[in-house]
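**Q** Protein chains in written order, with my numbering: chain A, 15 to 417; chain B, 22 to 408; chain C, 59 to 219.
Hints in this document: simulated from the structure, not taken from any laboratory. Beta carbons: idealized from backbone N, C-alpha and C, even for Gly. Do not rely on the hints blindly, as some may be mistaken.
What the hints assert, rightly or not - Within a straight-line C-alpha distance of at most 27 Å, the following computed BS3-like cross-link-like pairs (lysine-lysine) qualify: (1) A:K159 x A:K284; (2) A:K331 x B:K82; (3) B:K36 x A:K159; (4) B:K208 x A:K36; (5) A:K395 x B:K174; (6) A:K331 x B:K110; (7) C:K215 x A:K344; (8) B:K175 x A:K154; (9) B:K82 x B:K175; (10) B:K333 x A:K395; (11) A:K232 x B:K36; (12) B:K333 x A:K48; (13) C:K143 x A:K159.
Said to hold, decoys possible - If you want the ones that stay clear, here's a sample from chain A, every Cβ over 10 Å from chain C, calculated: (14) K48; (15) C54; (16) W106; (17) G124; (18) K159; (19) D166; (20) R229; (21) G230; (22) E410; (23) Q414.
What the hints assert, rightly or not - Footprint (simulated), chain B over chain A, 3 or more residues, beta carbon under 8 Å: (24) 18 to 26; (25) 32 to 46; (26) 91 to 104; (27) 200 to 213; (28) 232 to 245; (29) 297 to 303; (30) 308 to 320.
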Amino acid sequence: MRGFGAPQAMFCSEQQIEWMCKDLGLDPFEVRRKNAHTECYEVPGQAYIQSCGMSECIDEIEKWAKSKGDLGPNRAIGVSSCGFMSGGIFNWFDSPYSFSSAVITINNDGTAELHVGCQDIGQGSNTTMAIIAAETLGVKVEDIKVHSGDTDHCPADLGAWGSRQTLMAGNAVKMACEDAKKQLLEFAYAEMGLNIVYDLDIKDRWVHVIARPERGMKYEDLVKKAIRAKDGQRIIGRGYYTPHRKGMISPAYSYMMQAVDAEIDPETGKIKIHDVMTAHDCGQPINPLGLIGQLEGAASMALGYAYLEDMPMDEGKLLNPNLVDYKVIKAPEMPPTGIIDIHTYEAEGPYGAKEAGEGLTNPTAAALGNAVFNAMGIQMKELPITPERVLKALREKKEQETK
Amino acid sequence: MSSELRYSTFKTNVKYSVINTNVHNVDGIAKVTGRAQYTFDVTLPGMLYGKILRSPHPHAKIINIDYSKALELSGVVAVVTGKDTLGIKQGIWRRYSELCDEQILPLEKVRYIGEPVAAVAAVTEEIAEAALDLIDVEYEVLPAVYEPLDAIKKEAPTIHEGVERNVNVTRHIEWGDVDDAFAEAEKDGYIREDWFRCSGQHHMCMETRAAVSNYTPDGKLTVWTSTQSAYYHQALLAGVLGMREGDVRVIATYVGGGFGGKFELDAAQFCSAVLSKKLCRPVKIVFTREEDFIASKRRTPMFYYVRTAMKKDGTFLARESRMFSNGGAYTGMGATALYLSGFFPLIPIQMERLQIRRIQGIYKYNAFNINAWIRRTTGNVLLRTAD
Amino acid sequence: MEKRLLKLSVNGEKYEVYINPKTLLVEVIRDHLGFTGTKRGCETVSCGACTVNIGDMSVKSCSVLAVQVEGLNVTTAEGLEKDGKLSDVQVAFLDQGAYQCGFCTSGMLMSATALLKENEGKTLTEHQIREGIEGNICRCTGYNSIVRAIDAVAQGKYKEA
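Put together the whole structure using the sequences plus the hints.
**A** Okay, here's the thing in structure tokens:
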């Protein structure tokens, strides 16, 4: 399930941090900032952190939370920080490490067929790969046709899990397109007869001298010449990525801090979420529309986990196996969401990119729990945070206070 | 408009042509015009419809399955049980055979309410559904256990033979001297310990689990399925069916959501493939929403203990965690989820010393078959979930 | 039950199907007529993936018998475009990225189309938009991009000058 065990863990850890801060009279932002991961930090024996925007995320959310001012009775903001793997390195199959591969074939008219093993399940990986391919090859997104999800035609790839596709499949696509571009530019160098210390590149379908961009030729013309010179063989580029020697979990980590503004009705225990703001470091965003979609979708799923969705069992029988009784967030319950993109550059990722989407499900339950704590002074140790549990905690708190 | 886009970004020096610009999703036109074909939509000439008979018991021996009456129903073409399979125990952890513990159509016993015991192929879905009522399964009901802390007791019934105390996986991660750190904190720091209970969650993808398998006389099996990894399914199916990998083609052009629930082999793929192989005809199995809830892997519920030591100025000193997770009937992804659950709180924060103890994934009889794993931290990394 | 002939109009075309009277509209649309854009995601009339328009009304086609639409015009997602030109709602969905896996999208588009038609010429608040798609579950997008898309159409951003 999205989060891979981490949403449960963050619910426990990040709430306890908040309670410890309260016990000692410390500022929760300051404590998190003090202990935050930084670039070049090593988690002993487990992970080596390269790009890390954790402190900036904390700064931005602190600013945002303080800007909201006094929210009134029974309402507060709760926060949770989080980091997530940007590509689980493990593989349970034929090789010790995870891997991705890609093949790009350039047609005579300059359009390209990109065959990838990564799987689009709605998260938009086909679009992300098309963007990376277009940028690398120097063409438009419309020139790239992505082929995925067919073992007869696509190269092997472990698929969509462990937040791996942007980084791993993205790197494979980038490598494949660099290979294809290099083959094309070999013809361009010969064709253009350049002197010393000149480099060529392709951008926006224009093959040009980097230092003198006005000197060049059309990409389509170069492709035709290259294919003709190769007796009709298409230009084919191959790419592959595997994260050897990158620790025990992941070659890179995304970071974020999320704030949930929630109001609790002390009579019914019901929760109304007013706002969700996330400061998020996913390195270089590749597809901003996709990133926003991932944030909003993750928030709806994670909020559902935090206070709506439950799977009660009775002697092994699931009591709510239908969409009437299994409650998920619907449009009227979905709060506004915002994202502050903290820009870092991850050397391991394609164009500096890291994951976005799974990590975003992790902090929400904790942030909501902390909002409830800050608003009502009750500690929620059980998920989901149902009205019954809120009322029970409020009763117990009252009894404790009258003693 | 409260859902107005609030997206601010810090500028970078690099100007990209395409990266970080707003582009339409490359699959957009197909999706907004209703043309995208999901497994749910696939129909083939001569296709049969499959339905799965599921166990009503959380733990029982399968004594006998009599499907003779079902075969007599007009329109029913075939019924298969575990006896029609190679009986191979499979799982995602292929490198560790002891964690491959699931026969999707079990031969000897069932371990959760909803576990498949037989599959029917018929000319319509209604007939296949009606045929399920005509299959007689004789069970010997066994005692069941539902809570991880009960499953670990000595007197608890054994769910998987050879797995002591139903502990599926034990993991331990440790660095630094944690006891020393806690002793230091007891003198002039602060220690807090808490127990939590986290619930499960279902992926609830809009497209339920589905597969259309088509085995043809040339020995090729083509499977359209809603999956997160066509490659894994190709390898897993080839393995359990005893086929050459290249003879298994998995197609997943459009998938209606995954969220982690669709990269392990499920009954829709397996049963449709077994039926199709037997009949040399396409067979389609689509889970109902109820089946999808009952009989698929999901987020692990767990008990989570955290003890943290901090200096009075807020510097973290040490953390000790223990997790007991409710693994359900089979390993699945449990071992990995367990490890990540113990470790990920340490991604945003630096912790000098750490001990993740008692990570234990405990098998339980349940309707869900996620494997929860429990970790145990004291330096023994037992990859088996029996702890 | 004896089968009977049903004449219905779907996406502007007339069809005749020979069905058992207890057949649901969604089954006729998908299995008999092959318009698989309309999906099914539940058995409890909960998810909205099967939403179509009957006239200008949005209806969950799993809650309606096919025989009930005799003489009425049914529109599915495939019927929104005209002569290869996408409708305003479809373009708005593309611009806002108001879909991810796409399984709920057909139903969502039909609810949006009916909502906009019903409120043509009136102001549509965000609250009304959210209530208008309350019957459609989306597991991927978190709804806000869908609300933005519908709002953009309601504000006239896609009207031709």
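**Q** All hints are to be evaluated individually against the structure, with a verdict given for each.
**A** So, going through the hints one by one against the coordinates:
1. A:K159 x A:K284: violated (48 Å)
2. A:K331 x B:K82: holds (18 Å)
3. B:K36 x A:K159: holds (24 Å)
4. B:K208 x A:K36: holds (20 Å)
5. A:K395 x B:K174: holds (25 Å)
6. A:K331 x B:K110: Holds, at roughly 25 Å.
7. C:K215 x A:K344: holds (26 Å)
8. B:K175 x A:K154: The given pair, whose Cα atoms are some 65 Å apart, is violated under the 27 Å limit.
9. B:K82 x B:K175: holds (21 Å)
10. B:K333 x A:K395: holds (24 Å)
11. A:K232 x B:K36: holds (21 Å)
12. B:K333 x A:K48: Status holds; Cα separation ~13 Å.
13. C:K143 x A:K159: Holds, at roughly 22 Å.
14. K48: It holds; K48 (chain A) is separated from chain C by about 33 Å at its closest Cβ, greater than 10 Å.
15. C54: holds (35 Å)
16. W106: holds (25 Å)
17. G124: The claim holds: G124 (chain A) sits with its nearest Cβ about 25 Å from chain C, beyond 10 Å.
18. K159: Non-interface label stands for K159 (chain A): nearest chain C Cβ at 18 Å, farther than 10 Å.
19. D166: holds (23 Å)
20. R229: holds (37 Å)
21. G230: Consistent with the label, G230 (chain A) stays out of reach of chain C, its closest Cβ about 33 Å off (over 10 Å).
22. E410: holds (34 Å)
23. Q414: holds (38 Å)
24. 18 to 26: With 9 residues close enough to chain B, the hint holds.
25. 32 to 46: Since 9 is at least three, the answer is holds.
26. 91 to 104: Answer holds; 7 residues pass the 8 Å Cβ test.
27. 200 to 213: Our answer is that it is violated, as 0 residues pass the Cβ test (under 8 Å) against chain B, missing three.
28. 232 to 245: Since 0 is below three, the answer is violated.
29. 297 to 303: holds (count 6)
30. 308 to 320: Per the Cβ count (3), the hint holds.
Hints 1, 8, 27 and 28 from the list above are not met by this structure, while the remaining hints are.
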